[in-house]
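Peer 1: Each chain, written out:
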Amino acid sequence: MDLPDISVDTGGGRRPRRSSFVQPSVIPGFGLTFGFTLAWLCLIVLLPLSALFLRATGMSWHDFLEVGFSTRALRAYQLSFGASLAAGAVNTVSGLIIAWVLVRYSFPGKRLIGALVDLPFALPTAVAGIALTALYAQNGWIGGLIAPLGVKIAFTRAGVVIALIFIGLPFVVRSVEPVLADVGADVEEAAATLGATPLQTFRRVILPAIGPALLTGFALAFARGVGEYGSVIFIAGNMPYRSEIAPLLIVTQLEQFDYAGATAIASVMLVAAFVVLLFVNLLQRWTRKRGVA
Amino acid sequence: MSLKLANIAKRFGAFTALHDINLRARPGEFLALLGPSGSGKTTLLRIIAGLEFPERGTVYYEGEDITQLSVAERRIGFVFQQYALFKHMTVAENVGFGLSVRPRRERPPRREIKARAQELLDLVQLGDLGRRLPAQLSGGQRQRVALARALAVDPKLLLLDEPFGALDAKVRKELRHWLREFHDRVGLTSIFVTHDQEEALEVADRVVVMSNGAIEQIGTPAEVYDNPVNAFVFDFVGESNCVPVVAADGRATFRGTPVAVDTAGLRGAGDLYFRPHAARIGSEGEAGLPATVALVRPREGRARVEAEIAGLADVIELDVAPDTAPAVGATVTIVPTRARLFPAREPDEAAA
Amino acid sequence: MAGTLAPSRTGRVVLMVLAFAFLALFIVAPLVAVFVEALSKGIATYGAALVEPDALSAIKLTLLVAAISVPLNVLFGLAASWAITKFDFPAKNLLITLIDLPFSVSPVVAGLIYVLLFGAQGWLGPWLEAHNVQIIFAVPGIVLATTFITFPFVARELIPLMEEQGRDDEEAAISLGASGWQAFRKVTLPNVRWALLYGVLLCNARAMGEFGAVSVVSGHIRGKTNTMPLHVEILYNEYNFAAAFAVASLLALLALATLALKSILEWRYGVHGKGHP
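Protein chains in written order, with our numbering: chain A, 1 to 293; chain B, 1 to 352; chain C, 1 to 277.
Chain A extracted, bound-state conformation:
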C-alpha cells in the first residue's frame, strides 16, 4: 500500500467524547433521556422507597421485632401469604386449563374469551371487591346457593382466597399461553409417533416445556396476592387475628398514627416482594439461557 506514514493525532480535538460510561453513538440524546430517566426514577420510586427503609433502620432491633412480628402481624402475614399460596395453586391449575383451551382449540367467541381473561387487570380492585362480596354474601347469587350447605365464604378467610383467585388468574394464563403455543401440537405428535401415551406426553414433554412459565405465572400471581388490598378488604371480614390481611394492618396502624408499626410491617412485606421479584428474574434468566442452548 502506498500510504504515507501519517502521524495520528489521538489527543484532544476529537469529536466530543462522552464519558466512557456509554458507547459513542451517532444517535443523539443520551444525556438528556438518561438523565431524565434516572432523575424521575429516583424522585418517584427510589427515594420514597429508601425513606421507608431508613425509617425502619431508625428503629431499634427490639422495637422492630416487637411491632413487625407481633402476634397480630404474624397472623396477618400468615393469612396474606397462605391465601396467596392457595389462590396461586388454584390459578396454576385453572390457568393452565384455560391457556390450553385458548391455545389448542378453536371455537366461536375465542377472541372474546381471550380478552375477558384480562378483566382482572383492567377492572379497578375496589369494583372487583364489592362485586365479589355481592356474589358470595349469604344473600348473594353464589353465597345463597352454598349457604344451605353450611359453607360461608364472604367475610371469612375463604373470601380472601376467592378475591386473590380473581386477581391472579391472568398472570398464569398470560405466562403460559405463549410458551404453550411455542411447544406446538407437532411436538405432541412426535411424542405419539414414538409410542408415548397421552399422559406420558403431557408429563414428559409438555410439562417440562411449560414448567418455568407456569412457575413464573404462579410467582407473579403470588406476589400480587400478597400485596393486594382493594379487592380483598370488602370480602374479608377484617377481624384482627382472623381475617385481617397484612396490607390492611398497615392501613389500620396508619390510621392510629402508629407509623413505626406500619413501617415495620411494610418493610417486611417489601423484602418479601423483592425476594419474589428476584426469584422471577432468576427463573426468567434461566429459561432464556435454556432456550438459547
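Hint data in this document are derived by calculation from the structure and do not stem from the laboratory. Don't take every hint at face value.
Said to hold, decoys possible - Covered by chain A, according to a simulated footprint, are these stretches of chain C (three or more residues, beta-carbon under 8 Å): (1) 54–67; (2) 135–149; (3) 188–200; (4) 210–220; (5) 260–267.
As the list claims (entries may be wrong) - Below are the DSBU-like pairs computed for lysine-lysine, each with C-alpha atoms no more than 35 Å apart in a straight line: (6) B/LYS114 x B/LYS156; (7) B/LYS173 x B/LYS87; (8) C/LYS41 x A/LYS152; (9) B/LYS87 x A/LYS110; (10) A/LYS289 x A/LYS110; (11) B/LYS87 x A/LYS289.
Virtual Cβ for every residue (Gly too), placed ideally from N, Cα, C.
Got chain A; can you put chains B and C on it based on the hints?
Peer 2: The following block gives chains B and C in isolation, referenced to the frame of chain A:
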C-alpha cells in the same frame, strides 16, 4: 473523490475489532470488503460512514480529515443490510426523506422533493411504485428503494452493508449484475461489505480481504484469486484443497513423494494449497498424491471428483473432463498443476 | 394417534367445560353483578347516584389525576426506552429491573412511603407545613401515589419493542441528515405508536382505578380528595349499595372499553403487549 483510511483501530471492550487499517479507494471505484463474520468489515464500513467512531486513526476524504465530521456532514449514502426503510412512509416519502429533513432554509419546496424522488425511482427502475408502502415490495425492490433513498442526498460516496444478504439466491444473482451496471452508470465511488467471495469477485473492481480485524490482501478479483498472499486468502477466496507437506532444500514432499511447487525458500512443515481445477489425475507411476475416489458427480460441464487420502480428514476435490473421470473406488494419483505452499497454520488458527 | 392429547373428544369437551365454568364463575359473574346491582333500584336511582355532587367531584378528580400522571409516565417511558434501547451502557438490566420495581410493591406500601416522606409525621412534613404546602391528604399526594403505581406501564411496552426494532432506522434517518429530534418524531414515534397507545391505555386504566395507594394518601375528604374508587368504598360502607355499584359500573365500563381497545390493538396492529405486571 478519493477516500483514505490511515491506521484505523477500534475495540469493543476487550475485543479488538480492527487493528491498524490502511486503505485507499480510488475515485469511481467499486470496492468490496470481503471477510467472514467477525472479521471487522462491517465495523470498518460504519467507521467510514461515521456511524461508528474509531479509537485511533484518521479518515481522509480528498485529502481532508473528516474523522470529526458527523454522518450527515460527511454526505455519504448508506444502504443498510435490512434496508431500514421507514415502514409507515410510502416509497416516495422514503426516498424524499433526506431532502425533507433539511433545515427550512435549505429545504427544497415540496414539489421539488417529489420530483427528485420520482427521478431517483426512475433511475432504479421503480418509477411506478412510489405510492406503495415498503411492506408491499419484494426484497429486491426494497433494496433498490434503499439505494434511491441513499442517493437522494447527493452523496459523495456510496456504502452498502451486505447489499445482497437479505435476498434469496435467484434475486441475489440478478441484483448483482444490476448493481454493477448501476454503479458504472452513476460513477459514484462505492464500497460494499460481503461475506460471499463469489459476490465480491463478480461485482467489485478491487477486493479487500479481511480477517480478525486486519486486512489480509487488497487486489483485483484476479489477483486475490490467482495470487493469494497467504493461506487464509487462498482458502477463503474460491474453492481450495489443502494437504500437509514438508519442505526442505527447495523441494516439497508429501509422505516422501515430491510435489511440484515453488517452495520460495520455505523450510519445515507447510500446507500445500491448490484449486479443484488446478489438478489432474496422474498417469501410471507418476509422482503425486495417492488417493481413493469416493464420489464422482457432474458439475457444469465437468466432473467433480472427491477423493480421500488415507489419514487426512478433508477430501480432495478436483474437476476433470467427464470422459476422463475415474471410477468410484479406484486408486488414483492426484497431480496438482498449479499449487501454492504456505507455512503450516497453527491448529487453532486453521479452525478459525 | 393414541398419544396425541388433542383428538380425544371427551377430553376436549371436559377441558373446555372446566375452563368456561371457571371463567363464568370468576370473571363473568362479578362483571354482571356490578351492573345488576347498579340497576337494582331502577334507572332513576342509578342516574341520581352519578350526578350527585360528591360523585361528580370524584369523577372530576379521577380524570384530573389521570390527566397528570399518564402524560408524565408517557414522557418518562419515551425517555427511558430511548436511553435504554438506543445506547449501550453498563448495568442496563439493573435499570430495567428498577423501572419494573413499583409492580412488586403493594399499593398500600406505595401510599405509605409518601406519607412517611411528606406526611405531618414525615421527614419533609414540618418544612412543608411551614411553607403551607399540603401533599398528603391532598391532590398532589394522590397524583404522586398514582404516578408511582403506574410508573412502569409505558416504559415496559416500549423497551422490548424498540430493542427488537434496533437502531438501523434512526441511523438511516441521521445519515440522511435528520436531527435527533427529527429522527425521533418522524421515524421512531411512528414505529412505536401502537405499542405506545397500548401502554397509555393500560396506564390510564390503572391510574383511574387505583385504590390502595390512593386510599392511604387521600384522607377521604368527601368532595375534595375522593377519587371514584374511594367514593365507591365510602358509599359501600354507608350501605348505599345501589349508588356504590352505580359509580362502580362506570369504572367497569372503563375496564371493558380498555379491554376492547387493547384487543383491537392486538388483533389489528399486532401489538404484543407485555400487559400488566
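Peer 1: For every hint, state whether the structure bears it out.
Peer 2: Evaluated hints:
| no. | hint | result |
| --- | --- | --- |
| 1 | 54–67 | violated (count 0) |
| 2 | 135–149 | holds (count 3) |
| 3 | 188–200 | violated (count 0) |
| 4 | 210–220 | holds (count 5) |
| 5 | 260–267 | holds (count 4) |
| 6 | B/LYS114 x B/LYS156 | holds (22 Å) |
| 7 | B/LYS173 x B/LYS87 | holds (26 Å) |
| 8 | C/LYS41 x A/LYS152 | holds (27 Å) |
| 9 | B/LYS87 x A/LYS110 | holds (31 Å) |
| 10 | A/LYS289 x A/LYS110 | holds (33 Å) |
| 11 | B/LYS87 x A/LYS289 | holds (32 Å) |
Checked against the numbered hints above, the structure violates hints 1 and 3; every other hint is satisfied.
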